[in-house]
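Listed here are the chains, written in short residue letters.
Protein chains: 6
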Amino acid sequence: MQYFLAMLQLTGFKSFYMGKLIDEFNSYREKMNEKILATDNKVIKRIYSVDTLAYQEGALPVKTKEMLGLVSSMVLRCDDCIKYHLGKCYDLGVNDKEIMEVFSIANVVGGTIVIPHTRRALEYWEELKSETL
Amino acid sequence: MQYFLAMLQLTGFKSFYMGKLIDEFNSYREKMNEKILATDNKVIKRIYSVDTLAYQEGALPVKTKEMLGLVSSMVLRCDDCIKYHLGKCYDLGVNDKEIMEVFSIANVVGGTIVIPHTRRALEYWEELKSETL
Amino acid sequence: MQYFLAMLQLTGFKSFYMGKLIDEFNSYREKMNEKILATDNKVIKRIYSVDTLAYQEGALPVKTKEMLGLVSSMVLRCDDCIKYHLGKCYDLGVNDKEIMEVFSIANVVGGTIVIPHTRRALEYWEELKSETL
Amino acid sequence: MQYFLAMLQLTGFKSFYMGKLIDEFNSYREKMNEKILATDNKVIKRIYSVDTLAYQEGALPVKTKEMLGLVSSMVLRCDDCIKYHLGKCYDLGVNDKEIMEVFSIANVVGGTIVIPHTRRALEYWEELKSETL
Amino acid sequence: MQYFLAMLQLTGFKSFYMGKLIDEFNSYREKMNEKILATDNKVIKRIYSVDTLAYQEGALPVKTKEMLGLVSSMVLRCDDCIKYHLGKCYDLGVNDKEIMEVFSIANVVGGTIVIPHTRRALEYWEELKSETL
Amino acid sequence: MQYFLAMLQLTGFKSFYMGKLIDEFNSYREKMNEKILATDNKVIKRIYSVDTLAYQEGALPVKTKEMLGLVSSMVLRCDDCIKYHLGKCYDLGVNDKEIMEVFSIANVVGGTIVIPHTRRALEYWEELKSETL
Chain A
14 MQYFLAMLQL TGFKSFYMGK LIDEFNSYRE KMNEKILATD NKVIKRIYSV
64 DTLAYQEGAL PVKTKEMLGL VSSMVLRCDD CIKYHLGKCY DLGVNDKEIM
114 EVFSIANVVG GTIVIPHTRR ALEYWEELKS ETL
Chain B
14 MQYFLAMLQL TGFKSFYMGK LIDEFNSYRE KMNEKILATD NKVIKRIYSV
64 DTLAYQEGAL PVKTKEMLGL VSSMVLRCDD CIKYHLGKCY DLGVNDKEIM
114 EVFSIANVVG GTIVIPHTRR ALEYWEELKS ETL
Chain C
14 MQYFLAMLQL TGFKSFYMGK LIDEFNSYRE KMNEKILATD NKVIKRIYSV
64 DTLAYQEGAL PVKTKEMLGL VSSMVLRCDD CIKYHLGKCY DLGVNDKEIM
114 EVFSIANVVG GTIVIPHTRR ALEYWEELKS ETL
Chain D
14 MQYFLAMLQL TGFKSFYMGK LIDEFNSYRE KMNEKILATD NKVIKRIYSV
64 DTLAYQEGAL PVKTKEMLGL VSSMVLRCDD CIKYHLGKCY DLGVNDKEIM
114 EVFSIANVVG GTIVIPHTRR ALEYWEELKS ETL
Chain E
14 MQYFLAMLQL TGFKSFYMGK LIDEFNSYRE KMNEKILATD NKVIKRIYSV
64 DTLAYQEGAL PVKTKEMLGL VSSMVLRCDD CIKYHLGKCY DLGVNDKEIM
114 EVFSIANVVG GTIVIPHTRR ALEYWEELKS ETL
Chain F
14 MQYFLAMLQL TGFKSFYMGK LIDEFNSYRE KMNEKILATD NKVIKRIYSV
64 DTLAYQEGAL PVKTKEMLGL VSSMVLRCDD CIKYHLGKCY DLGVNDKEIM
114 EVFSIANVVG GTIVIPHTRR ALEYWEELKS ETL
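Residue numbers (my numbering), protein chains in the order written: chain A, 14 to 146; chain B, 14 to 146; chain C, 14 to 146; chain D, 14 to 146; chain E, 14 to 146; chain F, 14 to 146.
Rather than coming from a laboratory, the hints here were simulated on the basis of the structure. Any given hint might turn out to be false.
Since copy identity is lost for identical chains, a pair holds within one copy or between any two.
Claimed, not checked - Capping the alpha-carbon separation at 30 Å, the derived lysine-lysine pairs in DSS-like fashion look like this:
| hint | residue 1 | residue 2 |
| --- | --- | --- |
| 1 | Lys48 | Lys101 |
| 2 | Lys110 | Lys55 |
| 3 | Lys76 | Lys33 |
| 4 | Lys101 | Lys76 |
| 5 | Lys44 | Lys142 |
| 6 | Lys101 | Lys33 |
| 7 | Lys48 | Lys58 |
| 8 | Lys142 | Lys101 |
| 9 | Lys58 | Lys101 |
| 10 | Lys142 | Lys55 |
| 11 | Lys110 | Lys142 |
| 12 | Lys58 | Lys142 |
| 13 | Lys110 | Lys44 |
Given only the sequences and the hints, what does the whole structure look like? Please build it.
Next comes the structure, spelled out in structure tokens:
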């Protein structure tokens with residue numbers, strides 16, 4: 014048992030555990046996106062590229078755009094979209110108070126049906142923060 | 014192996030198994046609600062308190078209000094919200110025929126996309142009933 | 014001018030004006046429902062009949078069922094469906110406090126996007142009440 | 014008065030009246046699409062072009078694709094989108110029985126909240142047919 | 014006729030005409046909000062106050078919050094909510110390029126069903142700008 | 014270990030693994046549908062039968078109707094409904110290019126929030142194809 018725990022420490026158990034939601038989301042997302050693009054459907058390919066274009070620096074800063082993507086994903090209650098934009102927001106330095114204000118607007122506009130998604134969003138946000146401790 | 018089964022019986026395997034969906038839902042819900050409220054975002058706190066207020070006895074009885082919350086959650090297809098209101102309905106004595114009539118209105122108004130949620134709702138309802146046998 | 018007002022009174026201006034939303038909704042609804050049923054599409058015909066069946070007296074009273082239909086229509090933000098169920102609720106004796114509690118649950122569950130529909134719902138409700146003064 | 018009616022007949026009052034919904038929809042749509050594209054937002058421009066691309070002949074015939082666009086618009090309850098695809102379906106020779114079967118699937122999948130949109134859809138469909146009598 | 018045009022100029026025909034959508038929206042909204050609040054339903058009153066609270070200056074600036082409210086309203090396709098947040102964005106100095114980037118994210122996330130709402134949003138935005146020329 | 018692998022081959026590990034999503038979906042769906050129908054709620058029973066009726070051969074071929082059901086399920090983002098119609102489409106001989114064109118219209122109409130559902134849809138579609146290799 015002691016050996017088992019030592020092995021876990023060596024293989025970085027904590028970061029593995031903490032990043033479980035993130036790893037699962039990212040690896041599945043990447044794997045399936047590749048398969049989708051490999052089907053060579055032109056319409057879908059262009060949707061992917063317009064999706065990338067939409068969040069690039071423009072009149073509005075990238076950070077604001079990612080928060081716009083996040084709040085839209087929350088009111089439309091798309092957990093995977095929420096995770097994606099949370100990851101981007103984290104990388105762009107959105108802080109805890111800011112993220113909670115995005116959550117709060119999503120909950121006001123979209124109602125209490127957004128609460129279960131807010132629970133999962135906060136859990137994912139905490140994992141994002143713990144990963145890079 | 015025999016020892017293992019005996020242990021399961023002693024620890025109340027059946028009720029543990031029957032209440033799996035309920036336990037998972039409640040414990041995750043409570044854990045994350047605490048974390049959400051701990052962020053001290055005033056807007057979200059008030060949404061939680063207005064949510065509580067909305068289902069209190071008024072011109073309409075609590076039981077009716079919980080059925081209104083349930084049917085709304087079904088047509089908006091929010092499984093966690095459905096589970097929450099099913100638990101409340103169960104505690105308030107809504108019976109099988111009544112719950113099926115709530116389900117039926119949700120399916121008529123919201124269409125066949127509500128059916129998968131009705132499957133999970135009935136499974137949860139049955140667990141609620143078996144838990145207290 | 015006095016003559017004009019007198020003429021309005023004679024032609025029942027007040028009740029005409031008050032019932033404008035109701036008349037428009039009902040006459041269009043009836044005209045188009047007839048045309049839809051005249052197409053003789055079996056699936057749609059059965060949807061219409063199951064719709065009628067769903068709101069009939071059962072384990073739950075008709076009044077509760079109409080409120081369930083109303084709250085569902087509100088969170089799904091279907092103004093015509095709201096008008097229909099408001100009419101039924103009015104006929105079944107749902108009072109002002111009760112209707113506002115249905116509205117309140119719809120606004121809590123569905124969020125502030127339900128507010129514009131609540132405005133139109135209250136306007137229609139007031140017309141229903143004024144019509145039979 | 015007689016002169017007025019004669020003038021209406023000369024200017025094709027009937028076809029003008031019958032095509033009212035179509036004319037209003039098309040002229041507003043074209044006017045505002047021009048203004049949207051004139052803002053020169055690249056993302057929106059590409060969405061417009063991918064929208065055109067999606068409905069072009071491919072493995073699936075154009076007619077099937079327009080029916081797919083129609084049924085999607087119905088379950089998402091977007092009246093303007095419904096009108097657009099109804100116009101395309103009409104031009105491509107979709108007949109009455111086929112259009113009603115598209116409507117019926119939309120109503121089964123999306124529920125009775127689709128009915129008010131079906132009323133307006135049938136009204137628009139009838140105008141499309143009467144326009145070219 | 015010349016007299017008629019002169020009168021129109023005196024009564025400010027242009028600004029009256031340009032602000033038609035804005036005036037209609039605002040006056041109806043205010044009238045019905047008053048009636049809703051007059052019903053004295055505590056839950057709805059608190060939703061109104063939490064709605065106000067959510068858009069106040071915080072970790073995020075008011076301008077960002079109004080854009081979050083706007084994009085949420087667009088993907089949820091609530092025309093009245095869109096008008097409300099457009100008015101706020103205009104007052105806060107959001108410019109044309111920024112507003113189009115909010116529109117573009119709404120259209121990417123929410124799809125082509127958002128286009129009809131974008132048409133009406135741009136029309137309203139242009140009226141907001143012309144009103145104060 | 015070698016014994017373990019041999020056993021897996023004997024018990025048809027590959028097809029078992031490949032069909033995991035399909036088996037899970039079908040067995041749960043069947044089990045719960047039986048329970049739902051056993052409650053003997055007339056409204057729900059009729060919804061089930063009208064659901065069957067809607068996809069039967071008519072003016073439109075069954076294959077087109079299943080694609081209409083699929084695209085509706087995608088824009089409404091109902092994973093279980095998507096799986097069901099994918100299974101039907103597969104049985105009816107819809108090919109890869111056709112299914113991707115249905116996916117592409119769903120993504121254009123419904124926006125990038127449909128992408129996560131498209132990932133799961135393609136995974137399920139691949140499992141359907143591998144099952145019968």
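To see whether the hints hold, each was checked on the structure:
1. For a Cα distance limit of 30 Å, the shortest separation of Lys48 from Lys101 qualifies both inside one copy, at 23 Å, and across copies, at 22 Å.
2. For the identical chains of this complex, Lys110 and Lys55 are inter-copy neighbours only, at 11 Å across copies versus 41 Å inside a copy, given an alpha-carbon limit of 30 Å.
3. Taking the shortest Cα distances, Lys76 and Lys33 sit within 30 Å of each other inside one copy (25 Å), while across copies they are farther apart (36 Å).
4. When the C-alpha separation of Lys101 and Lys76 is checked against a cutoff of 30 Å, the pair qualifies both within a copy, at 8 Å, and between copies, at 21 Å.
5. For a Cα distance limit of 30 Å, the shortest separation of Lys44 from Lys142 qualifies both inside one copy, at 24 Å, and across copies, at 18 Å.
6. Only within a single protomer do Lys101 and Lys33 lie at most 30 Å apart by alpha-carbon distance; the minimum there is 17 Å, versus 33 Å between protomers.
7. Proximity of Lys48 and Lys58 under a CA criterion of 30 Å is satisfied in both settings, with 11 Å inside one chain copy and 27 Å between copies.
8. Taking the shortest alpha-carbon separations for Lys142 and Lys101, only the intra-copy value of 12 Å comes in at or below 30 Å, while the best inter-copy value is 34 Å.
9. When the C-alpha separation of Lys58 and Lys101 is checked against a cutoff of 30 Å, the pair qualifies both within a copy, at 21 Å, and between copies, at 25 Å.
10. With identical chains, the CA atoms of Lys142 and Lys55 are at most 30 Å apart between copies only, with a shortest distance of 22 Å across copies and 37 Å within one.
11. In this assembly of identical chains, the alpha carbons of Lys110 and Lys142 lie at most 30 Å apart only when taken from the same copy (13 Å versus 33 Å across copies).
12. Proximity of Lys58 to Lys142 under the C-alpha cut-off of 30 Å is restricted to the inter-copy arrangement: shortest distance 23 Å between copies versus 32 Å within a copy.
13. Proximity of Lys110 to Lys44 under the C-alpha cut-off of 30 Å is restricted to the inter-copy arrangement: shortest distance 20 Å between copies versus 33 Å within a copy.
In summary, this structure violates none of the numbered hints.
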